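Asks: Residue-level listing of the chains:
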Amino acid sequence: MKEFKGRVVAPGQVKAEALVSHGGLNTLASFQKALQFGDKNATCGDQNNQDLFGHQMAGKALCLPQTIGSTTGGMVLYCACSMGRQPACMLFSKPIDSLAGAGVILADVWLEGENTKMPVIDSLGDDFLEYVKTGMTISIKEDGVVVVE
Amino acid sequence: MFLTEEQQAILNGSKGETMAKVMESVVRYGELFGAEKLIPVTSKYNHLVTSFGLKALGPVYDLMNKLIEDGAISGQKFSVDPRPCDPNVPKNFIQDIIFNKIMYSKQDFYEGQLKALGLMDDNAFTCACYMDEVGNKPAKGEVLSWAESSAVVYANSVLGAKVNRNSGIIDIMQSIVGYVPYFGLVTNEGRKATWVVEIKTTKKPEAQLLGSAIGMKVMEDVPYIKGLDKWLGTELDDAACTYLKDFGAATASNGAVGLYHVENLTPDAVEQGEKLITSDAKVYVIDDAELQRVYDSYPVMWKNKDAKPKLCFMGCPHMSLEQLKTWTDKVEAGLKEAGNKKVVIPTVFTAAPAVIKEFEKTPYAARLKACGVIVSYICPLMYMNNPLCGKMPVITSSNKLRTYTTARYYTDDEILVQITKGENSR
Numbered sequence: 000m001k002e003f004k005g006r007v008v009a010p011g012q013v014k015a016e017a018l019v020s021h022g023g024l025n026t027l028a029s030f031q032k033a034l035q036f037g038d039k040n041a042t043c044g045d046q047n048n049q050d051l052f053g054h055q056m057a058g059k060a061l062c063l064p065q066t067i068g069s070t071t072g073g074m075v076l077y078c079a080c081s082m083g084r085q086p087a088c089m090l091f092s093k094p095i096d097s098l099a100g101a102g103v104i105l106a107d108v109w110l111e112g113e114n115t116k117m118p119v120i121d122s123l124g125d126d127f128l129e130y131v132k133t134g135m136t137i138s139i140k141e142d143g144v145v146v147v148e
Numbered sequence: 000m001f002l003t004e005e006q007q008a009i010l011n012g013s014k015g016e017t018m019a020k021v022m023e024s025v026v027r028y029g030e031l032f033g034a035e036k037l038i039p040v041t042s043k044y045n046h047l048v049t050s051f052g053l054k055a056l057g058p059v060y061d062l063m064n065k066l067i068e069d070g071a072i073s074g075q076k077f078s079v080d081p082r083p084c085d086p087n088v089p090k091n092f093i094q095d096i097i098f099n100k101i102m103y104s105k106q107d108f109y110e111g112q113l114k115a116l117g118l119m120d121d122n123a124f125t126c127a128c129y130m131d132e133v134g135n136k137p138a139k140g141e142v143l144s145w146a147e148s149s150a151v152v153y154a155n156s157v158l159g160a161k162v163n164r165n166s167g168i169i170d171i172m173q174s175i176v177g178y179v180p181y182f183g184l185v186t187n188e189g190r191k192a193t194w195v196v197e198i199k200t201t202k203k204p205e206a207q208l209l210g211s212a213i214g215m216k217v218m219e220d221v222p223y224i225k226g227l228d229k230w231l232g233t234e235l236d237d238a239a240c241t242y243l244k245d246f247g248a249a250t251a252s253n254g255a256v257g258l259y260h261v262e263n264l265t266p267d268a269v270e271q272g273e274k275l276i277t278s279d280a281k282v283y284v285i286d287d288a289e290l291q292r293v294y295d296s297y298p299v300m301w302k303n304k305d306a307k308p309k310l311c312f313m314g315c316p317h318m319s320l321e322q323l324k325t326w327t328d329k330v331e332a333g334l335k336e337a338g339n340k341k342v343v344i345p346t347v348f349t350a351a352p353a354v355i356k357e358f359e360k361t362p363y364a365a366r367l368k369a370c371g372v373i374v375s376y377i378c379p380l381m382y383m384n385n386p387l388c389g390k391m392p393v394i395t396s397s398n399k400l401r402t403y404t405t406a407r408y409y410t411d412d413e414i415l416v417q418i419t420k421g422e423n424s425r
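Protein chains in written order, with numbering that gives the first Met the number 0: chain A, 0 to 148; chain B, 0 to 425.
Please note that a few of the clues may not be correct.
Think about it this way: if two alpha-carbon atoms lie no more than 30 Å apart in a straight line, the pair counts; the simulated DSSO-like pairs of lysine-lysine are [unchecked claim]:
no., chain 1, residue 1, chain 2, residue 2
1, B, Lys76, A, Lys132
2, A, Lys116, B, Lys14
3, B, Lys54, A, Lys39
4, B, Lys65, A, Lys116
5, B, Lys420, B, Lys324
6, A, Lys39, B, Lys302
7, B, Lys20, A, Lys93
8, A, Lys32, B, Lys390
9, A, Lys93, B, Lys281
10, A, Lys32, B, Lys307
11, B, Lys54, B, Lys76
12, A, Lys32, B, Lys302
13, A, Lys4, B, Lys36
14, A, Lys32, B, Lys65
15, B, Lys309, B, Lys341
16, A, Lys32, B, Lys90
17, B, Lys105, A, Lys32
18, A, Lys140, B, Lys20
19, A, Lys32, B, Lys100
20, A, Lys4, B, Lys281
21, B, Lys356, A, Lys132
22, B, Lys14, A, Lys32
23, A, Lys39, B, Lys105
24, A, Lys39, B, Lys281
25, B, Lys90, A, Lys39
26, A, Lys32, B, Lys114
27, A, Lys93, B, Lys216
28, A, Lys93, B, Lys191
29, A, Lys116, B, Lys54
30, A, Lys39, B, Lys65
31, A, Lys32, B, Lys304
32, A, Lys32, B, Lys216
33, B, Lys100, A, Lys39
34, A, Lys116, B, Lys390
35, A, Lys93, B, Lys274
36, B, Lys136, B, Lys100
37, A, Lys32, B, Lys309
38, A, Lys116, A, Lys93
Calculated directly from the structure, the hints in this document are not laboratory data.
Here the structure is a predicted model, which means the values were calculated and not measured.
Generate the whole structure from the sequences, applying the supplied hints.
Replies: So this is what it looks like as structure tokens:
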């Protein structure tokens with residue numbers, strides 16, 4: 000078990016299975032098919048991300064350095080949250096990027112209801128992404144502490 | 000964040016609850032990145048990324064409805080990314096039903112919303128809004144609220160405008176309040192290069208391959224590129240701008256680049272030179288072998304990797320007028336050499352409606368049509384976003400299209416051989 004401390008971008012407590020992307024998460028490429036064709040598991044469709052391709056993202060503790068790609072990214076995250084197909088939480092090793100940041104803020108300001116929530120912590124450090132492995136259990140606390148076991 | 004009295008009043012609800020939430024979104028977005036203040040948007044027009052009436056984007060349409068109903072509308076008109084459908088682009092009966100009746104069934108509805116929100120005109124649908132023919136070309140130093148990754152990186156790098164990699168929805172919200180947060184690429188510090196890329200190739204690097212390599216390496220950082228002026232020259236003429244358009248789109252989609260500097264060529268680099276490079280900048284050397292390594296790393300997503308291509312898309316991002324003319328010459332010459340009269344793979348070149356209109360005024364349009372090439376205003380990416388196209392062997396020289404779809408990437412020269420001779424040299 001190991002603890003990491005980051006910055007709280009969107010608060011919340013959650014316990015979920017880790018899904019780890021060592022490369023940037025291309026939000027549009029990852030979510031587009033899932034949103035378009037009613038995939039409640041939000042199976043990742045990004046062919047370039049071998050860590051995530053074909054894996055369920057909904058309900059997982061998504062661990063990543065940052066998001067990349069199309070500037071629809073924030074809007075896609077907003078839609079995923081609105082439809083209840085978002086990850087249980089997003090945990091960034093780096094400071095959050097402008098696309099993911101916008102999506103998280105938009106969801107927090109404009110959406111209501113518990114099933115739209117997605118706690119987000121950033122700046123967890125490179126050590127975090129080196130330590131955490133897909134399948135591990137992650138618990139996050141309100142103060143930005145992430146427990147990996 | 001410091002807010003002026005006017006900004007604070009809006010946040011407090013002086014212009015209604017919806018405007019207050021729009022301002023809250025912009026302020027919180029800025030605070031996340033340490034912005035100390037908001038600065039005015041100074042460009043004439045905005046550009047939005049969301050152009051498609053995709054049924055799955057219900058939450059976006061609900062939000063747009065709320066903005067319209069509550070009068071939270073920008074005084075700034077805007078262009079928007081390309082339309083997802085065009086009857087001229089080849090498709091079968093089932094695809095036609097899926098496109099128009101299922102996937103993009105909200106297109107007319109959403110275009111109505113865009114008009115209510117301030118669309119420039121009925122044909123302002125393109126990802127390359129900065130083309131002269133389109134008319135949304137900001138001046139150097141202007142502050143924008145744009146989204147669309149390829150347009151943002153072009154505006155910052157080639158035009159010298161100032162804009163962050165804004166997301167869809169935030170793009171219009173910043174325009175509505177008339178301010179953007181002061182952080183990242185709109186600040187002088189944020190425009191400094193933290194990577195030096197040295198080009199040491201033996202020939203002019205393929206724009207979309209070079210952009211892909213740099214994007215995947217530097218991710219969201221700013222690269223300062225040395226040695227590319229050897230191949231592009233030191234003037235931002237049509238050919239250089241077209242190259243940088245395609246190059247930039249690949250850096251932005253294969254990574255998250257929002258600004259690059261090309262030594263002796265792009266505006267910031269011409270003005271400031273190596274002063275733009277931070278003292279701790281990392282170095283990435285690109286030679287022929289590195290480009291080949293990147294090319295070979297692309298996965299082939301076709302079910303049958305040896306399938307004969309059924310469609311070729313060129314123009315993601317949309318082609319320039321110069322590009323349409325150049326490619327007309329190339330296709331004609333390729334067909335002549337192969338002894339063919341028309342392209343042997345259905346081929347679609349995409350460009351902005353305003354660029355197509357100008358192209359059609361030239362003799363090139365009839366020549367290209369005679370070669371069997373279709374010119375369309377469509378967004379190839381949106382065309383391919385469905386399960387049927389996922390199984391379809393589509394080829395392209397767009398690294399952006401490759402990234403987001405199952406389209407297979409080839410260099411421009413390889414594409415030319417395939418569409419004119421039917422041979423695959425790879």
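Asks: A separate judgement is required for each hint: does it hold in the structure or not?
Replies: Going down the list of hints, with the structure as the test:
| no. | hint | verdict |
| --- | --- | --- |
| 1 | B:Lys76 with A:Lys132 | 47 Å, violated |
| 2 | A:Lys116 with B:Lys14 | 28 Å, holds |
| 3 | B:Lys54 with A:Lys39 | 16 Å, holds |
| 4 | B:Lys65 with A:Lys116 | 21 Å, holds |
| 5 | B:Lys420 with B:Lys324 | 20 Å, holds |
| 6 | A:Lys39 with B:Lys302 | 25 Å, holds |
| 7 | B:Lys20 with A:Lys93 | 28 Å, holds |
| 8 | A:Lys32 with B:Lys390 | 14 Å, holds |
| 9 | A:Lys93 with B:Lys281 | 18 Å, holds |
| 10 | A:Lys32 with B:Lys307 | 25 Å, holds |
| 11 | B:Lys54 with B:Lys76 | 25 Å, holds |
| 12 | A:Lys32 with B:Lys302 | 17 Å, holds |
| 13 | A:Lys4 with B:Lys36 | 28 Å, holds |
| 14 | A:Lys32 with B:Lys65 | 27 Å, holds |
| 15 | B:Lys309 with B:Lys341 | 15 Å, holds |
| 16 | A:Lys32 with B:Lys90 | 20 Å, holds |
| 17 | B:Lys105 with A:Lys32 | 17 Å, holds |
| 18 | A:Lys140 with B:Lys20 | 27 Å, holds |
| 19 | A:Lys32 with B:Lys100 | 17 Å, holds |
| 20 | A:Lys4 with B:Lys281 | 28 Å, holds |
| 21 | B:Lys356 with A:Lys132 | 54 Å, violated |
| 22 | B:Lys14 with A:Lys32 | 38 Å, violated |
| 23 | A:Lys39 with B:Lys105 | 21 Å, holds |
| 24 | A:Lys39 with B:Lys281 | 42 Å, violated |
| 25 | B:Lys90 with A:Lys39 | 29 Å, holds |
| 26 | A:Lys32 with B:Lys114 | 28 Å, holds |
| 27 | A:Lys93 with B:Lys216 | 16 Å, holds |
| 28 | A:Lys93 with B:Lys191 | 19 Å, holds |
| 29 | A:Lys116 with B:Lys54 | 22 Å, holds |
| 30 | A:Lys39 with B:Lys65 | 26 Å, holds |
| 31 | A:Lys32 with B:Lys304 | 22 Å, holds |
| 32 | A:Lys32 with B:Lys216 | 26 Å, holds |
| 33 | B:Lys100 with A:Lys39 | 22 Å, holds |
| 34 | A:Lys116 with B:Lys390 | 35 Å, violated |
| 35 | A:Lys93 with B:Lys274 | 26 Å, holds |
| 36 | B:Lys136 with B:Lys100 | 35 Å, violated |
| 37 | A:Lys32 with B:Lys309 | 22 Å, holds |
| 38 | A:Lys116 with A:Lys93 | 21 Å, holds |
Hints 1, 21, 22, 24, 34, 36 from the earlier list are contradicted by this structure; the remaining hints agree with it.
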